[in-house]
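> As a plain string of letters, each chain reads:
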Amino acid sequence: MRAAASRAVLAVAALLAIAPVVFLVSLSLRGVDDVQNGGWLPERVRWDNWPAAFQTVPLAQMLANSWVVALGATLLTALVAVPTAYVTARAGRSGKRLHSALLAAYCAPPIVAVLPLYFLLKSVGLTNSVVGLALVNGLANVPVAVWLLDGFVRRVPAEVEEAAWVDGLSVAAGLRRVVLPLIVPGLVAASLVCFFLAYNEFLFAVSFAQSPSAQTLTVGLSLFQGDRTVQFGQQAAASLVAIVPVYVLAVLAQRALVGGLSQGAVR
Amino acid sequence: MTATLERPATGAPAARARTRAQRRAGHRVPRWLAIPAVVSLLITGLYPAAAGLALALTDSSLARPLRGFVGFDNFVAAAESVAFGGSLVRSALFAVFATALAVVAGTAGALALQARGGRFGLLGAVLLLPMVTPPVSVGVAWKLLLAPVGGGLTGLWDALGVSGFNPLGSGVGAFATLVVTHAWQWAPLVLLLVYAALLGVPAELWEAAALDGAGWWRTLRSVVAPVVAPTVLAAAVLQLVIAFKVFDLVAVVTAGGPGVSTIVASFEVFRTAFRGSFEVGTAAAETIVLGLLVGVVLGAAGLVTRHTRGDA
Amino acid sequence: MPSPVLSRRLLLRSALGAGAVVGLGPLLAACGDGGSTTALPAGETADLTGATIRAMVNQPHVLAFTELLAPAFEREFGGRLETTAVPYDQLTSQQILDVQGGAGQFDVFDYFYFGLGALVDAGALVDLTDQLAAVDTSDFLRSVYDAYTLLDGRRYGVPFDGDVHVLYYNREVFETYGLEPPRTWDEYDAAARTITERSGGSVYGAVVEGQQVPMILGCSFINRLAGYGGSLLGPDGAPALTSDAAHAALQHLVDVAPYALPTPLQIGFDQANSAFLSGQAAMLDTWTDLGLKAQDPASSQIVDKWGVVPLPVGGSNTEHRTALNAGFGLGVSTAAADPAQAAAFVLWATDRTRNLLLASTAGAGIDPARRSTLESPEYAAATAPATEVIRQALTGSPLVWPKDTDAPRLLQDLVDQLALAISGAQTPQQSLANAQASWERALT
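Chains as they are written, first to last, in the working numbering: chain W, 5 to 271; chain V, 8 to 319; chain H, 288 to 731.
Think of the hints as simulated: they come from the structure by calculation, not from any bench.
Heads up, a few of these hints could be off.
Partial list, computed: chain V residues near chain H (C-beta under 8 Å) [stated by the list, open to error]:
id, residue
1, LEU69
2, ARG71
3, SER284
Covered by chain V, according to a simulated footprint, are these stretches of chain H (three or more residues, beta-carbon under 8 Å) [stated by the list, open to error]:
id, stretch
4, 382-396
5, 404-413
6, 494-505
7, 529-537
8, 549-559
Where is the CB? At the ideal position from N, CA and C, for every residue including glycine.
Given only the sequences and the hints, what does the whole structure look like? Please build it.
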């Protein structure tokens, strides 16, 4: 009985999860006059939205930019978050203070922060570049990664570390050689979450990138909104171009995602 | 395979604890490990905060920032604006409701997934999809689904006997729609975390409860809740912060409308700084006030968490 | 006991120190920049051969630039035109940011005329007064020439896109219900109500765009205000938001809301255009390029079933009058690589040949800014049946939006109040009184 009830709940949940994306697929096959036809299926199926979407905005370039920015940001986040999580987990009171400071920095919406960050990027010549975007996104997501990794580091038994110290390793070397391999699942999970965050990020992308050489997909999607007669079909097609590769990544990584998170309950 | 449930230092006999502490004393966490974090905090935390403060206390527009000290004039202007005061309340309500909904939905989903047994699998991956979708696409899809004339769901409304149902047309309805959409997008993260925590409940505990003849609800309360509660609370805190910062979704689905009913604080800051006017000084003042509000709410949440953990 | 890794004092000290240095440095440096707009002296027109021009343009104009201007520029000068499109709601702020932030990535700006004050305040546009004094500008339409370029006695750009509103209606629906296209706003309200009620909800009489941004709700209000002969600012520059015309305009919005496509406050361009083109709504006041889309079978279900008339009139005003809703000029960025060359490009892109080409090409979305274009038979052929309506509109005295530095905020304040009235949270009288008070505070 319980199994049946839970299957029902899961079926509804899966339906809700997927409904908007299915609708986007349907939209991508419709013309402008067909968009609001009140149904889930197009009245006249058209395929030209797909090539047109690539013409209206430089979609292929933006897709590449999105992936470069997201991957670069994730790498930077991981590099900063691992030692930081070690500090927050193992360094007692000051570690806790660092943890609180990180959370506090994550609290305020970064809207006005765009201006000083813009000036900062400009002073190092990184405006309108994927490197600049990856930098900002990478640093902005550090609090999330630390928040996720903190629990994993705590889970590493002290004995394992102490054994390494007895063998003559310094604390830092112990982190690299002993602790890190043990938290790899958690690191993978945290990295995936940060990847999704950086990939879907909009405010920084639209503020720091002015030309297609650095603009990402979220900016591209907003360009469709910026037209007076919005080409919903093309926008839906562009959305799917943005979504599908990441979905594939999520599906392939779901085992790592769950496995990673299950090996250390987040406190 | 069960992970160890006891924390390293608890419950250890005094002698072992002393030795352990002595061993630790010789191996402090080196300071330089914190440097990346401090640099990151400087760039993404302190620098924008200092700049924000400077902008808030001066006559600053997008065209010409830092034109001259004006004391608290910007704060007064923020208080006098039509939308800002209400937007703080709306942000708080949005954060609380969206978090509650996401946590409940995510936890329920995790429980259902775990009860069904088997691996996370493809079904689990499908349930993760909302988290992975760009908010702009989510917004457009929902806006077109809910359009009162010609929207994708008009057939459903007709079938349910509520034709002409237009949630986005009324203030309350639009607000509720945004809450639901945001929760829809973030429930998968909660689901993921709770599911992972559930995996950490030893199988023996489930079996013992079943042998004792405990019903499902009873099992939940006495066996599952203690193990999973910390995770749920931590997930809730993260959701609160994310919900306070919501911006893309509001901009795409309702643009703050109808009227001011969905202008949340972050959207109002955006309007003030980059859209309606270019008054960056006022926007900075609004950000400071919003930051204080979020701090207060998080502090309260932290108290609740510590209180609960203290009981457990 | 192990000493803490990060003593609180260390944290505080390093934070304050670094924050002060890192934080205010770049900002203070930026303060020094954004200098005054230097006037470009009239000299010989710069040589455009082989030039590269980088333009930031409004997203709806992107075709005009990439498919019409760019090939023509290459053919005539062997030059390259690099176009970057920006959504219309980000255009002015992106232009300001580009110059203020020091990135300086563009030579030419396609700018909204009511952002002129903000752009000049930011030092983003080059003063072209002397350049323009040296060329013949008599062909520019009087209704737009000063409005789009003049600020405090100096000129900062050249008119590019006229942009007026006209009223489209679905001829088939009107004939079904035996109605004539409305001449006054009272007739408009009546027609909307009749169609909505008698069709039982299958067609709505009108679609009213009420999303709470100046470009959307502002246009809807101003179209009615213009019809009543009113204006936002009086002849002395004082706000006129509590005039009879303004009250009437807002009252019309409130009255028609229940019979318009549900619900005005949530409708923007996207839904409005597709609702009209799919025949779900029978009237829409919008820009002149809708006609071309309405005739395109790929995006319209009402081909040959629509008509266009001038915006309705009201009150004591009987002469049709429109408003310059949006409207663009081309200007030279102060950060341009070669301002003289950019100025030459701007003059070329707005000359007779180009304006005619852009205005007569379907899909370019450009309205005439020159008399020669407006009166040319080619243009008439391309825009029939709307040609007469557009001519009437652009040669009259359309309502001009305020364009001083404060204008964006004032318009947003006004639109916020209008939305409160339409949503019923406040009476129209109260809304306009509030808006008037806020404008008076700012403009005195």
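> If a hint holds in the structure, say so; if it does not, say that too.
The hints, checked one at a time:
no.	hint	result
1	LEU69	holds (5 Å)
2	ARG71	holds (6 Å)
3	SER284	holds (3 Å)
4	382-396	holds (count 3)
5	404-413	holds (count 6)
6	494-505	holds (count 5)
7	529-537	violated (count 0)
8	549-559	holds (count 6)
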